[in-house]
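Asker: The chain contents come next:
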Amino acid sequence: MALDISTSLFGKRMKNPLVLASGILGVTKAELEAVALNGAGAVTAKSLSIEPRKGHESPIIIETGCGMLNAVGYSNPGIEDGLKEFSGWDRSEPLIISITGKDEKEFALLATRIEEAKADLNCTAIELALSCPHTPGYGLMAGQADPKMTGRITEAVCKKTSLPVIVKLSPSVPGEVEAAKLAEKEGAAAINMGNSLGPGMKIDINRAKPILSFKMGGMSGPAIKPIAIRCVYDIYGAVKIPIIGTGGVNDGHDAIEMMMAGASYAGVGTAIYFRGPDAFKKIESEMRVWLKEREYTSVNKIIGVAHE
Amino acid sequence: MSETFSPNIPIQTVRVAKVSAENEKVKTIELNTRLVAQPGQFIMVWVPGVGERPMSIANNDPLTISVANVGKVSSELHKLKPGGLISFRGPLGNGFRIQDKWKRILVVGGGYGIVPLFFLSRLACSNNVEVLGVIGAKTAKDIIYEEKLFAVNNETFVTTDDGSKGKKGTVMEEVCWILTDKKLKPDAVFTCGPERMMLAVARECLKHEIPCQVSLERHMKCGLGVCGSCDLDGKTVCRDGPVFDGLEVLGFESFGKSKRDASGKRIEF
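Chains U and C are the protein sequences, given in the same order.
Convert by adding 1 to the 1-based position in the first sequence; the result is the number in my numbering.
Convert by adding 1 to the 1-based position in the second sequence; the result is the number in my numbering.
Hints may be right or wrong, so weigh each one.
Here are the simulated lysine-lysine pairs, DSS-like style, with alpha carbons at most 30 angstroms apart [what the hints assert, rightly or not]:
hint: 1; chain 1: C; residue 1: K28; chain 2: U; residue 2: K210
hint: 2; chain 1: U; residue 1: K85; chain 2: C; residue 2: K266
hint: 3; chain 1: C; residue 1: K266; chain 2: U; residue 2: K103
hint: 4; chain 1: U; residue 1: K203; chain 2: C; residue 2: K82
hint: 5; chain 1: C; residue 1: K266; chain 2: U; residue 2: K106
hint: 6; chain 1: U; residue 1: K216; chain 2: C; residue 2: K102
hint: 7; chain 1: U; residue 1: K210; chain 2: C; residue 2: K19
hint: 8; chain 1: C; residue 1: K186; chain 2: C; residue 2: K102
hint: 9; chain 1: U; residue 1: K161; chain 2: C; residue 2: K102
hint: 10; chain 1: U; residue 1: K203; chain 2: C; residue 2: K184
hint: 11; chain 1: U; residue 1: K216; chain 2: C; residue 2: K80
hint: 12; chain 1: C; residue 1: K104; chain 2: U; residue 2: K210
hint: 13; chain 1: U; residue 1: K55; chain 2: C; residue 2: K186
hint: 14; chain 1: C; residue 1: K258; chain 2: U; residue 2: K55
hint: 15; chain 1: U; residue 1: K210; chain 2: C; residue 2: K73
hint: 16; chain 1: U; residue 1: K216; chain 2: C; residue 2: K186
hint: 17; chain 1: U; residue 1: K210; chain 2: C; residue 2: K80
hint: 18; chain 1: C; residue 1: K139; chain 2: C; residue 2: K102
hint: 19; chain 1: U; residue 1: K216; chain 2: C; residue 2: K73
hint: 20; chain 1: C; residue 1: K186; chain 2: U; residue 2: K203
hint: 21; chain 1: C; residue 1: K258; chain 2: U; residue 2: K85
hint: 22; chain 1: U; residue 1: K119; chain 2: C; residue 2: K266
hint: 23; chain 1: C; residue 1: K266; chain 2: U; residue 2: K55
hint: 24; chain 1: C; residue 1: K73; chain 2: U; residue 2: K55
hint: 25; chain 1: C; residue 1: K139; chain 2: C; residue 2: K166
hint: 26; chain 1: C; residue 1: K80; chain 2: U; residue 2: K55
hint: 27; chain 1: U; residue 1: K55; chain 2: C; residue 2: K28
hint: 28; chain 1: C; residue 1: K82; chain 2: U; residue 2: K210
hint: 29; chain 1: C; residue 1: K258; chain 2: U; residue 2: K119
These are computed hints drawn from the structure, not numbers from a lab.
Fair warning: this is a prediction, and the values are worked out from it, not measured in the lab.
Taking the hints into account, I'd like the entire structure generated from these sequences.
Answerer: Okay, here's the thing in C-alpha cells:
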C-alpha cells in the first residue's frame, strides 16, 4: 500500500502536514512562495498589526546552543501594506494570515480588514497571535494568554469574519487547556500550540550584558519540544478542533511525535535555521521513511495515537 | 537524525589594534585577531546596549572593518581606541568565488562598496591574478581605499560625479570600455556599491558574456536567514548572499528596484 502524507486545512489540500510558523521568514510574499516551494504544506505570514512597527533593535535573534532566543518585536508594515503584500496568493499551499493587536478591538478591526480583502488575499485562515513573550502591549505581555482574554479576543474576531480562525496559545503560562477550551467555545476553528517559550535571557560573559537588545526573548527550537508536546497532549483531550503543534520540530521524528501527541499538523520555524531553507523537504522525507517502514497508509493515522 | 546545517557562530570579543581615518566620515578599525573568511562575507558587529550591524570584511588577517559614521552603532564604533573592546559574530553569508581559470578580473566599487573588493583584490593579487579596479563616488572625499588598491591592483580608474578626482562621470563609462578593450577585457567582474550601479554593471557584463558577481545590501537584522528582513525575491541576502551571481539576480524583480525597511515595507531605490 502506498503512503499518503497529504492532509487538508479547512478543506484545502496540504501536500504534507507541515506548516511554516509565523515570524520565521514570511515578511514578503516571495519568501512565503519560496518556503512553499521548499516543501511546506502550508505557510503563515508574519503577524500584522494595525500600524507599521519597526520591531526591536538588533540583536533580535541569538543562538542558544539548544535553539534560538528571539525578540523581533512584531516588526511588520501594518495591515494596509501587509494586505497589499500578500494579496494574490496563487499557490496551492494554504496561506494563513497572522494578526496581532493590543486588545480585542484592534483584533476585531484587523479581522474586518482581512474579511473585506479576503477575495484578493486568497488566504485560508486567520491566526491570532496571543502569545508572543517579548513585545510590550501585545501577546503575553498584555495578558492575552490568559484564558478569559483569549476567549474574549476569539469571540471578537469570529464575529467579524467568516474565515476559519486559528488561536495561537502560549506554552509559557498555566491555563493553556482552559484557553483552548474557551477559544473553541467562542468559535475558533483550530488551536496552534504554541508560541515561543519564555521570556528567556542570554548574557554575553565577556561583555557582561544581555545579548538581545530587548534583553529577553522567546525560546524556540529543540529545547522547548518536550513542553510543546506536553501542551498538545493535554489540549488534544480537551477540544474537538484540530491542533497545529508548534515548538521544537526539527526533524521527521519530531513531527511524528507531535502528531502522536494529538496535533493534526506540525508547525516548523527554527528548523529553517538549523537545517536550511529546505528543512521542510528534509522533514517530510524523514516522516515518509519512518511511516513506510511501519506500513502506515496515511499520515493522519498517527494523530493522537499516544492517547490510545 | 538531523544534521546541523548552521554551525554555532558565537559572539567573539577582541581588542582593537589600530584605528585610522579614511576620510572625515569613515574609520578603518583593525582588530587584534584573524578570521578564516572569504572576501564578500560579513560580520555582525555588536555594541552592547546599542545595537548590532553587518559590516563588510576589509581584511581577514588581521580582521579589519571600515565604518562610516552614519548611525548610533557606527558612532559608538568611531569612539573606539586601540585597546578597546569590540564584539562580533561571523563570518556570515557567502562570499565572492574566483575560478582558477580566471587570469584577469575587474572590481567595480561605488563609494564605500570598495571595502570588500579590496579584500578580494588582495587575495587575487597574491594568487597571481591580474586585478583592474574602477572606483567611483560623488566627490573626491568619498573616494576611499585608493592607495590600498594601488598596492594590489595592476591599474585602478577613478571617477567622480563632479570631476573633483579622476574622470568626471560614473563608473559605467570606464566599465564599458574596459569590457571591450582588447588588452584589458577581464575574465570576470565583481561589484559592490549602490544597487542601481550594480544593476548597470551586471547588464553590461551580460551583454559581453562576462561572468559577474554582485554583493548586495539589505536591511539585515538577524544575519541567520530566519527573520526575513533582507528578502530578495524569496532569498535571504544574509544567508543566500550577500554575494550573488549577476545572471541570477538579473532575473529577480526587486534587484536594482526595491528593498525593505525595518518594518518590512517595500521602498524603491
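Asker: If a hint holds in the structure, say so; if it does not, say that too.
Answerer: Consistency of the hints with the structure:
1. C:K28 <-> U:K210: holds, 26 angstroms
2. U:K85 <-> C:K266: holds, 10 angstroms
3. C:K266 <-> U:K103: holds, 21 angstroms
4. U:K203 <-> C:K82: holds, 28 angstroms
5. C:K266 <-> U:K106: holds, 24 angstroms
6. U:K216 <-> C:K102: Roughly 49 angstroms between the alpha carbons, so the hint for K216 (chain U) and K102 (chain C) is violated.
7. U:K210 <-> C:K19: holds, 25 angstroms
8. C:K186 <-> C:K102: The hint holds at about 15 angstroms.
9. U:K161 <-> C:K102: With Cα atoms ~64 angstroms apart, K161 (chain U) and K102 (chain C) exceed 30 angstroms; violated.
10. U:K203 <-> C:K184: violated, 57 angstroms
11. U:K216 <-> C:K80: Judged against 30 angstroms, a Cα distance of about 24 angstroms means the pair holds.
12. C:K104 <-> U:K210: violated, 48 angstroms
13. U:K55 <-> C:K186: violated, 45 angstroms
14. C:K258 <-> U:K55: holds, 21 angstroms
15. U:K210 <-> C:K73: holds, 18 angstroms
16. U:K216 <-> C:K186: Judged against 30 angstroms, a Cα distance of about 53 angstroms means the pair is violated.
17. U:K210 <-> C:K80: Given that 30 angstroms is the threshold and the Cα spacing comes to 19 angstroms, the pair holds.
18. C:K139 <-> C:K102: violated, 35 angstroms
19. U:K216 <-> C:K73: Since the Cα atoms of K216 (chain U) and K73 (chain C) sit roughly 18 angstroms apart, the hinted pair holds (cutoff 30 angstroms).
20. C:K186 <-> U:K203: violated, 52 angstroms
21. C:K258 <-> U:K85: Holds - the C-alpha atoms of K85 (chain U) and K258 (chain C) are around 18 angstroms apart, at most 30 angstroms.
22. U:K119 <-> C:K266: holds, 20 angstroms
23. C:K266 <-> U:K55: Holds - the C-alpha atoms of K55 (chain U) and K266 (chain C) are around 10 angstroms apart, at most 30 angstroms.
24. C:K73 <-> U:K55: Cα-Cα ~16 angstroms, so holds.
25. C:K139 <-> C:K166: holds, 10 angstroms
26. C:K80 <-> U:K55: holds, 27 angstroms
27. U:K55 <-> C:K28: holds, 28 angstroms
28. C:K82 <-> U:K210: holds, 21 angstroms
29. C:K258 <-> U:K119: holds, 28 angstroms
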